[in-house]
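Q: Listed below are the residues making up each chain.
2 protein chains.
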Amino acid sequence: MRMALENIKVLDLTRVLAGPYATMVLADLGADIIKIEMPEIGDDSRQFGPHVEGESAYFMSLNRNKRSMTLNLKTAKGREILLQMIKEVDVVVENFRPGTMEKLGLGYEVLRDVNPKLVYAVASGFGHTGPYRKRAAYDAIVQAMGGLMSITGHPGREPTRVGTSIGDITAGLFTAIGILTALMNRNESGMGQKVDVAMLDCQVAILENAIARHVVTGEIPGLGGNRHPAIVPFETFQTSDGEIMIAAGNDILWAKLCIAMEQPRLIADERFKTNPLRNQYYEELKPVINGVIQLKTTKQWQEILDDAGVPNGPINRIDEVLADPQVQAREMIVEVAHPVAGKLKMPGIPIKLSDTAGQIRRPSPMLGQHTEEILKELLKYDEAQIEDLKEQSIF
Amino acid sequence: MRMALENIKVLDLTRVLAGPYATMVLADLGADIIKIEMPEIGDDSRQFGPHVEGESAYFMSLNRNKRSMTLNLKTAKGREILLQMIKEVDVVVENFRPGTMEKLGLGYEVLRDVNPKLVYAVASGFGHTGPYRKRAAYDAIVQAMGGLMSITGHPGREPTRVGTSIGDITAGLFTAIGILTALMNRNESGMGQKVDVAMLDCQVAILENAIARHVVTGEIPGLGGNRHPAIVPFETFQTSDGEIMIAAGNDILWAKLCIAMEQPRLIADERFKTNPLRNQYYEELKPVINGVIQLKTTKQWQEILDDAGVPNGPINRIDEVLADPQVQAREMIVEVAHPVAGKLKMPGIPIKLSDTAGQIRRPSPMLGQHTEEILKELLKYDEAQIEDLKEQSIF
Chain A
3 MRMALENIKV LDLTRVLAGP YATMVLADLG ADIIKIEMPE IGDDSRQFGP
53 HVEGESAYFM SLNRNKRSMT LNLKTAKGRE ILLQMIKEVD VVVENFRPGT
103 MEKLGLGYEV LRDVNPKLVY AVASGFGHTG PYRKRAAYDA IVQAMGGLMS
153 ITGHPGREPT RVGTSIGDIT AGLFTAIGIL TALMNRNESG MGQKVDVAML
203 DCQVAILENA IARHVVTGEI PGLGGNRHPA IVPFETFQTS DGEIMIAAGN
253 DILWAKLCIA MEQPRLIADE RFKTNPLRNQ YYEELKPVIN GVIQLKTTKQ
303 WQEILDDAGV PNGPINRIDE VLADPQVQAR EMIVEVAHPV AGKLKMPGIP
353 IKLSDTAGQI RRPSPMLGQH TEEILKELLK YDEAQIEDLK EQSIF
Chain B
3 MRMALENIKV LDLTRVLAGP YATMVLADLG ADIIKIEMPE IGDDSRQFGP
53 HVEGESAYFM SLNRNKRSMT LNLKTAKGRE ILLQMIKEVD VVVENFRPGT
103 MEKLGLGYEV LRDVNPKLVY AVASGFGHTG PYRKRAAYDA IVQAMGGLMS
153 ITGHPGREPT RVGTSIGDIT AGLFTAIGIL TALMNRNESG MGQKVDVAML
203 DCQVAILENA IARHVVTGEI PGLGGNRHPA IVPFETFQTS DGEIMIAAGN
253 DILWAKLCIA MEQPRLIADE RFKTNPLRNQ YYEELKPVIN GVIQLKTTKQ
303 WQEILDDAGV PNGPINRIDE VLADPQVQAR EMIVEVAHPV AGKLKMPGIP
353 IKLSDTAGQI RRPSPMLGQH TEEILKELLK YDEAQIEDLK EQSIF
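Chains as they are written, first to last, in the working numbering: chain A, 3 to 397; chain B, 3 to 397.
It is possible that some hints are incorrect.
To be verified - If you want the ones that stay clear, here's a sample from chain B, every Cβ over 12 Å from chain A, calculated:
no., residue
1, E42
2, E90
3, D115
4, N277
5, K345
To be verified - Straight-line distance between alpha carbons at most 27 Å, and here's what the computed BS3-like set of lysine-lysine pairs gives:
no., chain 1, residue 1, chain 2, residue 2
6, A, K79, A, K89
7, B, K11, A, K119
8, A, K298, B, K136
9, B, K11, A, K196
10, B, K11, B, K392
11, B, K79, A, K11
Simulated from the structure, these hints should not be mistaken for lab results. Just so it is clear, CB atoms sit at the ideal spot from N, CA and C, and this is done for glycine as well.
Go ahead and model the full structure; you've got the sequences and the hints to work with.
A: As structure tokens, then:
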């Protein structure tokens with residue numbers, strides 16, 4: 003079956019997370035991703051544990067649907083081959099520290115001269131402009147500097163890092179959007195361009211209403227805990243065996259919750275009639291709800307509230323996420339067979355296209371697995387030429 | 003100047019966050035977003051505080067670059083007009099509870115028959131398939147059910163909600179990617195399709211290495227606090243006046259950090275020579291670093307570590323993010339003038355395109371501000387026809 007991006011060729015110089023996440027998203031929807039890796043070393047994340055039969059589970063999760071070619075860009079011949087490949091692809095993506103490509107003689111201007119239709123995308127910590135442009139960053143640094151940590155956590159406690167590398171991942175998503183947008187533009191203009199995405203910028207872009215609240219009220223948003231800043235009840239409650247998230251987003255859902263809790267008198271209670279009132283009398287309302295919710299298990303409340311149409315959910319651990327019937331029905335956990343590591347479960351494809359569905363067509367590549375295949379296919383090299391390169395340790 | 007998506011017309015039926023975030027990203031890059039709102043009521047988020055001169059700062063932050071048209075889809079004439087508009091646009095996006103469009107007689111099959119080139123995108127809580135497909139969800143529910151809360155927070159404490167609505171926002175980003183991908187495909191096939199994105203699916207997709215770690219080791223990832231799960235030192239440290247995030251991601255950075263701390267003897271210390279050793283002797287290393295870092299202010303350490311090339315950053319509050327020189331240099335805080343509310347600061351555009359840069363061309367619209375303009379432009383209605391619709395309260 004046709005895939006949406008199957009005619010898009012991407013030269014992928016990225017390592018670790020932000021860049022590889024962007025190219026994984028494109029790969030899942032059909033793009034041909036040629037991952038260029040340093041001979042013998044490869045993507046740093048090949049070293050990240052845990053390993054299965056010597057293969058990094060981290061790397062395998064992020065590099066499915068890609069082919070790997072080794073190429074030593076520190077050699078003149080390696081750079082020459084890269085420039086030849088640039089002519090044959092639609093997109094190049096890198097997430098080096100800014101300046102690295104220029105030092106190699108492979109900066110954007112050079113590549114654009116070789117292929118004016120090229121889309122050149124870069125995901126870096128702070129971007130290619132501005133006073134911090136030469137600095138390296140990691141996810142934790144941009145989570146800290148971008149303000150997200152200052153609003154994540156429980157009141158009176160410390161700022162908290164999000165448990166997944168959301169700084170890298172959002173940069174990967176914005177980079178994928180930038181690449182597709184530049185390709186759309188190229189369909190009309192015939193010209194490529196540079197896409198410059200910074201992890202710090204993306205952190206600012208996802209702050210949602212925190213900036214609006216601050217600039218309008220002058221207050222500095224603090225640690226919000228698990229409670230919604232403006233809606234009551236909309237937070238976690240203790241059950242007899244754990245916790246449950248309950249979100250009664252409006253007065254109708256509040257009434258449904260009261261009935262589900264077998265507390266119909268609360269609907270008529272003047273203190274709790276509207277959301278502004280429930281905010282005002284929060285300190286009186288919270289213990290009333292606590293008192294009821296703590297009497298049953300999380301599972302019992304889930305059934306009661308689902309039947310009543312009140313949005314709710316358990317705080318699932320990772321093993322519970324994998325077992326969730328909806329997650330399974332949506333194929334959001336897939337099992338990919340790797341020739342060395344065997345079968346590995348990983349997240350599925352969250353973009354469900356009705357006519358050109360994404361597919362997981364191949365496991366993550368072994369280092370340099372496709373070098374010869376790509377040299378023949380893309381550059382029409384013959385066996386003798388390949389043998390020659392091999393002897394020179396170019397790949 | 004040309005913008006990349008300026009020839010793309012989007013009929014935007016979305017409300018609140020996930021959908022409007024997706025269409026804002028497209029709008030910022032040039033797409034013409036026609037926001038359809040219920041007469042007199044409009045997008046629910048117009049009611050979300052804080053307000054400036056009666057205008058919601060939340061709504062204004064998410065709906066710049068869009069036009070607003072009111073249309074009562076509960077009337078036959080309103081639905082007829084929507085179907086006429088469907089013929090003239092490239093994309094329709096909605097984030098209603100699944101089934102709502104079908105009840106209105108505006109389900110995907112109906113719209114596709116009217117315009118086979120249409121890309122129909124939907125962002126919902128649980129998606130349009132699977133056992134939970136009829137349920138409503140809010141951000142907090144999918145953060146809980148998707149596993150992210152179970153790995154966010156400090157060890158021994160409670161699971162923690164991310165302080166921004168990352169469930170909505172990642173769904174918005176994946177929806178934007180899905181729309182652009184379907185448009186890319188349409189350029190070749192001539193046909194539109196349906197894009198079905200679920201907030202819960204997106205939470206699973208961003209779990210990064212948590213799933214790999216679990217399936218390989220059998221351990222259930224828990225609350226990780228602010229410490230990197232595998233790299234030392236890579237966490238927050240107390241300074242004399244606050245905290246600082248320090249990320250010494252490899253042995254070279256570790257050596258640089260030791261010198262910056264004026265503790266060169268640590269480089270030679272056998273216990274701390276490699277990252278695996280620093281993990282093993284973490285409990286001995288942490289107090290040593292603590293003892294040094296607490297002697298100077300955050301700002302002093304920033305300067306010292308920046309000079310030494312050690313990735314670091316302060317844990318900025320929202321007001322500090324707005325004042326950051328890099329954030330300012332990258333135009334990641336922009337000021338948009340609204341005709342009623344005046345100037346409002348909001349996040350800028352994180353996708354920097356070299357040749358077709360995104361622009362903020364207009365503030366968020368007043369409810370129904372562009373109804374007549376759009377009826378004339380898109381459907382060629384004349385004044386008499388518009389007057390007639392107005393009398394029937396269709397808009």
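Q: Are there hints from earlier that the structure breaks, and if so, what are their numbers?
A: The structure breaks hints 4, 5, 11; every other hint is satisfied.
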